[in-house]
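Asker: Residue numbers (my numbering), protein chains in the order written: chain U, 63 to 344; chain G, 63 to 344.
Take these hints with a grain of salt, some might be off.
[As the list claims (entries may be wrong)] Restraint ranges, calculated between C-beta atoms of paired labels, are given here:
no., chain 1, residue 1, chain 2, residue 2, range
1, U, E312, G, E327, 54 to 64 Å
2, G, P159, U, E271, 31 to 41 Å
3, U, L276, G, E191, 51 to 61 Å
4, U, E217, G, D104, 52 to 62 Å
5, U, T286, G, I223, 37 to 47 Å
6, G, W218, U, R116, 10 to 20 Å
7, U, A292, G, S125, 54 to 64 Å
8, U, E271, G, K248, 57 to 67 Å
[Unchecked claim] Which chain U residues face chain G? A few, computed with CB under 7 Å, are given here:
no., residue
9, P72
10, L76
11, Y189
12, I192
13, G195
14, N197
15, A201
16, G202
17, T239
18, M240
19, L276
If you are wondering where the hints come from, they were derived from the structure by calculation, not from laboratory data.
We treat Cβ as the ideally placed atom computed from N, Cα and C, and that holds for glycine.
There are 2 protein chains.
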Amino acid sequence: MISLLIDGRPTNCLDPLDRGFQYGDGVFSTLPVHAGVPLFLDRHLDRLRRDALRLGIPFPSRSDLMADISTLLSHRQAGILKIQITRGSGGRGYRPPEHPTAMRVIALHPPVTYPEEYAVHGIEARYCEIRLGLNPALAGIKHMNRLEQVLARSEWSDPSIVEGLMLDYDGHVIEGTMSNVFVVSKGCILTPRLDRCGVNGVMRSLVLEAAGDLGWPLEEARLTPDGVAAAEEVFLTNSVIGLWPVRDIEGQRFTIGKATRKIGEWLRYKTRQAGRSGSSVG
Amino acid sequence: MISLLIDGRPTNCLDPLDRGFQYGDGVFSTLPVHAGVPLFLDRHLDRLRRDALRLGIPFPSRSDLMADISTLLSHRQAGILKIQITRGSGGRGYRPPEHPTAMRVIALHPPVTYPEEYAVHGIEARYCEIRLGLNPALAGIKHMNRLEQVLARSEWSDPSIVEGLMLDYDGHVIEGTMSNVFVVSKGCILTPRLDRCGVNGVMRSLVLEAAGDLGWPLEEARLTPDGVAAAEEVFLTNSVIGLWPVRDIEGQRFTIGKATRKIGEWLRYKTRQAGRSGSSVG
């Protein structure tokens with residue numbers, strides 16, 4: 063069952079004129095809730111706020127958002143929280159109203175479970191055909207224009223392939239359909255620069271911190287499929303899955319090496335810590 | 063007042079889990095209704111169907127769509143009809159359900175009126191800063207991922223500037239925020255090729271027919287701002303505005319020449335004809 067609040071009210075009735083539905087004019091974030099604690103909620107709200115402001119969408123008050131989340135969690139203590147902030151309705155065609163009123167849609171979905179082996183033994187990935195268009199004005203933002211990801215995820219149905227890697231228009235590796243990607247090459251962790259497309263994930267920013275903390279060199283780089291093929295280790299992250307090593311991309315095998323293991327341990331430690339200290343809600 | 067039907071029912075209650083709201087996973091078309099006749103409806107439905115199928119969205123039956131439109135027009139005889147077709151709800155994250163059920167949202171908005179002088183004496187346009195990302199898989203489709211247009215239309219508020227021209231990532235002129243663009247250069251009509259981005263408008267396809275009919279050479283080309291500056295005439299089209307000559311782009315003046323006038327006359331003739339023969343609804 064999905065519990066859902068629109069602007070704080072329990073309803074399943076969305077205004078069809080909302081610009082989120084009309085144009086995908088909004089941003090979102092997805093995060094797991096464990097034992098009543100939405101993990102890394104502050105980071106998700108910070109990212110949402112940053113993304114909304116880049117699009118000129120006024121950000122709702124933190125206290126309204128916290129009150130909504132608290133209401134949802136009073137009924138159920140675990141699941142996947144999805145927060146959407148749109149520019150609301152109004153304006154003339156594409157032109158936004160001069161003073162838009164944001165709309166917030168917050169849903170608590172049932173927990174998502176993936177096989178434990180994904181995190182332990184790694185997953186199999188493929189490359190997607192569809193590319194990511196380049197647009198610095200939208201790059202990094204987790205906005206609601208996600209047709210490229212929908213089409214990418216439609217490309218395969220083989221359940222043994224767990225994630226698809228996406229290239230940009232110029233042929234650079236950018237991300238998975240729902241994850242950020244990292245490779246380990248000659249002792250250095252590389253992750254795609256997200257200045258022209260891609261989503262700047264909360265878990266990605268945690269990996270950047272982890273690398274700093276653990277003393278692993280990490281660089282944001284232009285990565286090619288050849289660069290990935292030459293790497294020793296590959297791993298993927300997002301807020302729901304945490305970290306998945308990649309053991310196979312279209313037949314090429316990768317090991318789960320020291321960097322992947324150390325970063326994974328650091329993330330699990332921080333996640334447990336976040337789960338304990340997350341008393342900010344409710 | 064806006065009348066609206068969702069899957070044939072008069073309601074203002076949209077499912078927030080609809081993939082149109084979640085991901086912009088849908089297509090749309092906008093067309094004027096005059097004296098009970100939705101202009102060029104068949105062409106709009108053909109384009110919608112083509113766009114939906116390119117995205118793998120099953121297209122609703124023509125008779126359902128016609129029944130909806132007929133219901134809306136039984137209350138009001140004039141306005142702007144907006145038809146949205148989404149992939150419905152369901153699936154797991156970006157992954158669409160194996161057998162999606164399309165959702166149709168059809169709204170009749172009040173008539174939009176623009177000053178008559180726009181069509182007669184031409185309009186003033188500017189170039190937008192934000193560029194269009196390149197993605198052949200989405201090029202030409204009037205899909206619901208329209209953040210680029212929203213941001214482009216947010217760039218100016220000076221009411222004397224009526225439309226903004228958009229370049230693609232490589233610097234080619236592609237379209238206006240809400241219109242297709244044509245230039246007349248050395249006796250030839252040129253319009254941007256839409257193989258990498260842009261929306262293939264219904265009125266654009268009518269201009270292509272007009273040129274053939276009138277014996278004007280017309281080419282789809284890669285157009286640059288320099289190419290536009292070197293042109294003698296510039297005009298814009300969409301289904302609601304018809305044709306607007308452009309008399310000024312950032313200070314550079316253009317004349318309203320023979321090609322623009324002849325194409326405009328042809329379009330007005332066909333539009334009157336469509337208005338009379340459009341007995342297919344209601």
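Asker: Each hint needs a verdict: does it hold in this structure or not?
Answerer: Consistency of the hints with the structure:
Checked against the given bound of 54 to 64 Å, the beta carbons of E312 (chain U) and E327 (chain G), roughly 57 Å apart, stay inside it. As the Cβ distance of P159 (chain G) to E271 (chain U) is approximately 37 Å, the hint placing it in 31 to 41 Å holds. Range check, L276 (chain U) to E191 (chain G): Cβ separation about 40 Å, and the 51 to 61 Å hint is violated. Between E217 (chain U) and D104 (chain G) the Cβ separation comes to about 33 Å, which falls outside the hinted range of 52 to 62 Å.
Between T286 (chain U) and I223 (chain G) the Cβ separation comes to about 42 Å, which falls inside the hinted range of 37 to 47 Å. Between W218 (chain G) and R116 (chain U) the Cβ separation comes to about 18 Å, which falls inside the hinted range of 10 to 20 Å. In this structure the hint that A292 (chain U) and S125 (chain G) lie 54 to 64 Å apart at CB holds, the actual value being about 57 Å. For E271 (chain U) and K248 (chain G), the hinted distance range of 57 to 67 Å is satisfied, since their beta carbons lie about 59 Å from each other.
Among the interface hints, the one on P72 (chain U) is violated; its C-beta lies about 12 Å from the nearest C-beta in chain G, farther than the 7 Å criterion. Taken as an interface hint, L76 (chain U) checks out: its beta carbon lies about 4 Å from the nearest beta carbon of chain G, inside 7 Å. Hint on Y189 (chain U) is violated. Least Cβ distance to chain G is approximately 15 Å, over the 7 Å limit. Residue-level restraint check for I192 (chain U) holds (minimum Cβ-Cβ distance to chain G is 5 Å; threshold 7 Å).
A cut of 7 Å between beta carbons decides the hint on G195 (chain U): the least distance to chain G is about 3 Å, and the hint holds. For N197 (chain U), the interface hint holds, the least distance from its beta-carbon to any beta-carbon of chain G being 4 Å, beneath 7 Å. Taking 7 Å as the C-beta cut-off, the interface hint given for A201 (chain U) is violated, the closest approach to chain G being about 9 Å. The interface hint given for G202 (chain U) is violated, since its Cβ lies 13 Å from the closest Cβ of chain G, which is over the 7 Å cut-off.
With its C-beta approaching chain G no nearer than about 6 Å, T239 (chain U) sits inside the 7 Å limit, and its interface hint holds. Checking M240 (chain U) against chain G by beta carbon gives a least distance of about 6 Å; that is within 7 Å, so the hint holds. Annotation: L276 (chain U) was flagged as interfacial toward chain G, and the flag is violated, the nearest CB pair being 30 Å apart, outside 7 Å.
When the structure is compared with the earlier hints, violations turn up for hints 3, 4, 9, 11, 15, 16 and 19 and for no others.
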